[in-house]
Amino acid sequence: MHYETILNKTEDDLSYYIHFCKIYVDYKETKIKDTEEDLKKLFPFWKNPNPTDKNFKNYKLKNFPLEYLKYNLEQENKKQINIQNETFNNIAQIQNLKEFTKLLIPYSFAIEAKFKLKSPYFSHDDDEFYLINNPCLKDKAFKVPMIRGSSWKGVLKKSAIDIINENNKDNDSNKTIENLKSYFRIFGVGSENFRELINDKNLDKNKLKLFFLLEGISIKKDDNLEDIFKKYQEQNIQAQKGRAIFYPTFFDSLSLEVINPHDRRTKAGKNPIYYEVVPKETKGKLQIVYIPFDKVMAPNETIKEEAERDLNFLKKCIKKAFENGIGAKTKLGWGKCQDIDFQCFWSNGDECGND
Amino acid sequence: MGEALTKKIDIFAISTDPIYIGTGGYTIGRVDNTIVRDPITNIPKIPGSSLAGTWRYYMALKLISEIKDKKPDFNSTEYESHGNLKEKFERYKWKNEPEEDGKKWEYWKYNKIARITCAGQDESPNIEINETPSSKTGHCGHCIVCKAFGFSKKDISSQGMLFFSDLHILFFPVYTRFGTKWITSKRILIENGLLENGESKENNEEKAIVLENPSENNKYINLGWLNLPYEVRSINIQTDKLKNLYELSGKDIVIVPDQLLSHIINSNLEVRTSVSIDPITGAAKEGALFTSEAIPRGTIFSGNIRIFKRLNDDTLPEIKLVCEALEDSKHFFETLGIGGMTTRGFGRLKMSSLNYKENENPASGGENGES
Ligand SMILES: [Zn+2]
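In the order they appear, the protein sequences are chains R and L.
For the first sequence, the positions run 1 to 355 when full-length UniProt numbering is used.
For the second sequence, the positions run 1 to 371 when full-length UniProt numbering is used.
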């Protein structure tokens, strides 16, 4: 039986590569018994029939494609697979930021931050049937590696809390209060957002109480923060949803990274673990749209002031998120981004400026 | 009911995010979030009621953001003192806005008392229609949003001028070894008028049809886990109808047998596993892993809107105005989305231009009728 669809295109065409990893794992044999000629028939992608300082005969047959791929990637400078993501970007990302923003209600804005990965990006895909143990997250129908909008939201929220804490240390109460307001406006007034704030050990509880007082919430001596927050939530019942909408990011290449974990006691290396990653130097763009829908009845000056504050705060959050990194394994330094271009427009067509 | 005008507008849409519109059903312990499906075909859909409710909010949002500074003060003592309500709508002028009825849908004269609560559930259904200007909550019962989508007050109710069909899947994206293909069936193409006349309606064989051969060496195409034999046939599918939405070309399309369509769609939905969080402690609940299914990004939908207007009723906006209001507010589906979990990256939908032509021959698109 021949697995005819792999062809010679492994290195440059994602669709073949994915199939190769996902579908063709169904081999009955445990060890490779075939001769080299037979293997070439079985795996026509194997155009260089000698990957073998390593002895391919030791591989299990079902692992052979992966071993072949790893070998090639290692040999040729972590060669990467390039993905045509043009069509896909047309579907899922905003094409003309300025014209798009003009349709929105006054004091809406849209941000497009282009960046370059300074280190590999990895986020685990739930896809169960995949030859590589740690496949990178991809869109379901297009198999394009991606960062979900919800991941951007998560990482920007973490950055926001970092920034609030830094102001805390500066002992600048006003700034902390304003930033907390921006935090709730941008990300929403859900209890999960609040929990992220109070779970952080460094956040000054008194400042949170001060914030609630200034928002018109009466506080009794014995009230705990959760109860106070509930009152705040009830007051803001129209505004549970945040004003910012985070678009997904899509990438155009994939590669493999190896992590060599060491046994803590013996210091000996264990088996290397392979991760399918978006390699460093890959470019992407983060798009965020901000719509102050919950305050549509408020005077324009109020909305304007809030939107301007929120924009500034959001810009700081983006900067910090790029530094901290996105995705998994940020502790290893993965997922760091370098800002390469920043665009921003208000709904009246004005540029938001890059201060 | 007297004589009436009706108009039908086709709509097409593409999901730019996975779309989750839940049935609301769940079982205790393990919550599995399922999506709304057509009871006959078992194919997921976007219910017309979701579309209507969401669009109502977006139209109100657009309207209020435009007119809020220009509304006359209906609660002034001058207003309370004389004239009936209809006269007041005439007499009270927009602030800083030339009074030209019909010029822009936002400045239709009965919008003068519109408010954001004209969207959503009516919080004050028990007041009379003439009292709504002095009330601050609930549907106003006069503005274009209330007239188009309907309202119900103590003394009068109206089911509105707009009727939304469900949005059905027209083309569904599946990853194959030849890249992403959009599957559909002959039944769906015929129902949407996309199949050229003369093509046989029958497709009972267990075979897929492709319009261009993706590979000389293959006779099979895999649609998820299903491996189907295919044949190449030159069929003209009128994808130009989708032109202002997404350029789908013949080589992207795979026609599958009707009896397999539901199976293929349902086994290629986006499935996401999440953890239930205890709202008090913030900890993950034990055994609270649950899965949600959603219609994937890149799915193309079709449906229609019927607009209905009683003749000689000048308390109703013209059909043209309602169309413009729909057109100007539909872009919010691209940002604020539809359905559940929109804060978690679900629900964005891009809608085609509504293609409304005022003087269109009623036979081609609109139709005259009585009701
Ligand atoms: Zn109204």
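Misleading hints may appear alongside valid ones.
What the hints assert, rightly or not - With a Cα cut of at most 27 angstroms, we get these calculated DSS-like pairs of lysine-lysine:
| hint | chain 1 | residue 1 | chain 2 | residue 2 |
| --- | --- | --- | --- | --- |
| 1 | R | Lys295 | L | Lys68 |
| 2 | R | Lys304 | L | Lys8 |
| 3 | L | Lys109 | R | Lys295 |
| 4 | R | Lys221 | R | Lys205 |
| 5 | L | Lys103 | R | Lys98 |
| 6 | R | Lys102 | L | Lys109 |
| 7 | R | Lys230 | L | Lys136 |
| 8 | L | Lys95 | R | Lys231 |
| 9 | L | Lys207 | R | Lys102 |
| 10 | L | Lys68 | R | Lys181 |
| 11 | L | Lys71 | R | Lys102 |
| 12 | R | Lys102 | R | Lys118 |
| 13 | L | Lys71 | R | Lys295 |
| 14 | R | Lys283 | L | Lys136 |
| 15 | R | Lys295 | L | Lys95 |
| 16 | L | Lys93 | R | Lys285 |
| 17 | R | Lys181 | R | Lys315 |
| 18 | R | Lys304 | L | Lys104 |
| 19 | L | Lys320 | R | Lys102 |
| 20 | R | Lys295 | L | Lys350 |
| 21 | R | Lys175 | R | Lys319 |
| 22 | R | Lys320 | R | Lys331 |
| 23 | L | Lys104 | R | Lys241 |
| 24 | L | Lys95 | R | Lys241 |
| 25 | R | Lys295 | L | Lys8 |
| 26 | R | Lys295 | L | Lys104 |
| 27 | R | Lys102 | L | Lys45 |
| 28 | L | Lys71 | L | Lys8 |
| 29 | R | Lys331 | R | Lys315 |
| 30 | R | Lys241 | L | Lys219 |
| 31 | L | Lys70 | R | Lys295 |
These are computed hints drawn from the structure, not numbers from a lab.
Structure-based check of all given hints:
no.: 1; hint: R:Lys295 to L:Lys68; in the structure: holds, 12 angstroms
no.: 2; hint: R:Lys304 to L:Lys8; in the structure: violated, 40 angstroms
no.: 3; hint: L:Lys109 to R:Lys295; in the structure: holds, 24 angstroms
no.: 4; hint: R:Lys221 to R:Lys205; in the structure: holds, 14 angstroms
no.: 5; hint: L:Lys103 to R:Lys98; in the structure: holds, 26 angstroms
no.: 6; hint: R:Lys102 to L:Lys109; in the structure: holds, 25 angstroms
no.: 7; hint: R:Lys230 to L:Lys136; in the structure: holds, 26 angstroms
no.: 8; hint: L:Lys95 to R:Lys231; in the structure: violated, 38 angstroms
no.: 9; hint: L:Lys207 to R:Lys102; in the structure: violated, 47 angstroms
no.: 10; hint: L:Lys68 to R:Lys181; in the structure: holds, 24 angstroms
no.: 11; hint: L:Lys71 to R:Lys102; in the structure: holds, 23 angstroms
no.: 12; hint: R:Lys102 to R:Lys118; in the structure: violated, 33 angstroms
no.: 13; hint: L:Lys71 to R:Lys295; in the structure: holds, 17 angstroms
no.: 14; hint: R:Lys283 to L:Lys136; in the structure: violated, 51 angstroms
no.: 15; hint: R:Lys295 to L:Lys95; in the structure: holds, 21 angstroms
no.: 16; hint: L:Lys93 to R:Lys285; in the structure: violated, 47 angstroms
no.: 17; hint: R:Lys181 to R:Lys315; in the structure: holds, 15 angstroms
no.: 18; hint: R:Lys304 to L:Lys104; in the structure: holds, 25 angstroms
no.: 19; hint: L:Lys320 to R:Lys102; in the structure: holds, 23 angstroms
no.: 20; hint: R:Lys295 to L:Lys350; in the structure: holds, 25 angstroms
no.: 21; hint: R:Lys175 to R:Lys319; in the structure: holds, 18 angstroms
no.: 22; hint: R:Lys320 to R:Lys331; in the structure: holds, 15 angstroms
no.: 23; hint: L:Lys104 to R:Lys241; in the structure: violated, 30 angstroms
no.: 24; hint: L:Lys95 to R:Lys241; in the structure: violated, 32 angstroms
no.: 25; hint: R:Lys295 to L:Lys8; in the structure: violated, 34 angstroms
no.: 26; hint: R:Lys295 to L:Lys104; in the structure: holds, 23 angstroms
no.: 27; hint: R:Lys102 to L:Lys45; in the structure: violated, 31 angstroms
no.: 28; hint: L:Lys71 to L:Lys8; in the structure: violated, 32 angstroms
no.: 29; hint: R:Lys331 to R:Lys315; in the structure: holds, 23 angstroms
no.: 30; hint: R:Lys241 to L:Lys219; in the structure: violated, 50 angstroms
no.: 31; hint: L:Lys70 to R:Lys295; in the structure: holds, 17 angstroms
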